[in-house]
Amino acid sequence: MQAELRKWRATFEVSWTNHLAYRLNFILLVFGPALVFFFIKYNLWKSIYTMPGITVLQGYDFDQMLQYQLLVLIVSLMAQGHNSMKLADDIRLGRISSYLIYPFSFFKFHTASFLAFQGIQVLICGFTISFLMIIPLVTFSDFNSVMRGLYFASLVSFLWFQLQFLVGLLAFWLEETWILRVILMTTAQFLSGAILPLEFYPQSFVKFLDYTPFPYLTYIPIKIFQGDSINLLNASLVLLFWSLFVYAINHILFKRGVRLYTAAGM
Amino acid sequence: MIHAKALSKSFRSYIKQPGLVGSVKSFFSREWTTKHAVENFDLEVQGGEIVGLLGPNGAGKTTLMKMFTGIIVPSSGSVNVIGYKPFERSIAFRQQIALVMGQKSQLWWDIPALDSLHLLGSYYEIPEAELKSRIAHLAELLQVSDLLKIHVRKLSLGERMKMELMSCLLHKPSIIFLDEPTIGLDLVAQKTIRRFLLDYHEQHKPTIILTSHYMADVSALCRRIVLVLDGQKQFDGPLEKFAQILGTEKFVKFQFAESQNPNSESFQGFKATWNPEYTRVEMQIPEKNLRDASIKILTNHAVVDFHTEKLAIERVMDELMSNPALAASTQNHAG
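Here the protein sequences come in this chain order: G and V. Sequence positions in the first sequence follow the numbering used here and run 1 to 266. Sequence positions in the second sequence follow the numbering used here and run 1 to 335.
Because the hints were derived from the structure by calculation, they are not lab data. Keep in mind that a hint or two might mislead.
[Unchecked claim] Some, not all, of what chain G presents toward chain V, calculated at C-beta under 8 angstroms:
(1) Arg6
(2) Thr17
(3) Asn18
(4) Ala263
The structure presented is a predicted model; accordingly, all values stated were derived computationally and were not measured. Where is the CB? At the ideal position from N, CA and C, for every residue including glycine.
Could you put the whole structure together from the sequences, leaning on the hints where they help?
Encoded structure:
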């Protein structure tokens, strides 16, 4: 057990060292996509709300929409920062060979790297929330909601990690997986409520989405941050179910995929 | 240590005709081809041996290494390495093997080698104090103590290869797979690594399986050669026997102070290749005549330098590669 913990700790340390090796790259990687996306959306909504006759859309006035989009930024920083884009390249270019030889499983290595990254993300997220509260651009009903929101967003990050991993593993079969990644990202953005709050979609469609993991990626964490009365235990169990479901698929995919691995270029 | 029986590995890939038309055609209808990288390969390796896998590019050497280390799964046949089926990749198996790939770095590129070594130390469950002492010892032997804290990407190829060797020897593996460990290195670095490997083997007696295109590596390290051509074993035996599979003639070079008469009696009866000035000759002399013929030339001609071929296996490999038909005749030598 102690030896196993040492392996995890050492992987954390190397991941942190790796992430922090290039300062500018790291800062851009962490803040870039979410921040750019936020500013695009900010300008877009500002233009929409300055159109004549539009003050409230589906129950959201401009300030509420801004709050919503800022929370999207926080949730995406906290839960969707990690990407395993490298995994597909590593498989395709035969770079996972070392991990098949070291006595620390491939899955554990990637999970430990993800957790290390997530540790950094929590700090960054804490900093971002504090900054947005001081300005003040974002307001929370109470401290408890913030903690509940952070907790839930952490759970979401596991599901997101598993989904990304799934797409990465498809590189065992497909030579290029970037388009699948784009499809996953775009679908997730739309269906999770990261672009539009789910109130904007037809009721029947939202009901259908309840049977998918998508609302749990953005919309529900935002509602928790906003202090809405969402049963945290139930939501956590649903998220856990989806995470375990995707994890099980990943496990099967890896076992089958690695039999096709050719370690190209070695 | 290694028991492989009828081991085979095939890879399937599709053929695409060049150009846009070819791309469009292959989009709708793909023609597939199967390459048999390794076919019906038998191999027995005893503990402590150093075995050289020789063969041209694409012969199947690296595919064998990948199967022995469990990186890829064989298409058919059986393989057992130190009592384990490699492709099951049990942790106990991984604890006892090491692989160095000359063409691929296994160290983390963006961090100092020391960080990678500490990470690997924890993976191999080496106690902290022991790990520090092993790192210090290996670094001293390879003369890289002052490079441990430098980012791997900043190291030269030779320095990086030394770090790769350190990382694979940290856990004292019982079997080491070296895939082109000296590729691209200068002569001094090649020699240093060969010397180090010999010393390490002498001290710890691990089994070593080596592939290299440098015959100097093979002749310095291996006592046993396995020749692989087109995925099949063509020779398996001692290094000395390999050097003789195309005949026992010795290749001797003589350098003279002045022009010689190539029709002189001393040079008759043997195949001789002269330079245009007739001041240098390379002769192929049967082993049994070597002593007498050499004495005759040394006595009757103004010889300023002479030497016998240092790397006979290099010539054998050259000839086998330039004339693959010869390989068939070596079949009889396969052990």
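- prompt: Going through the earlier hints one by one, which of them does the structure break, listed in rising order?
  reply: Violated: none.
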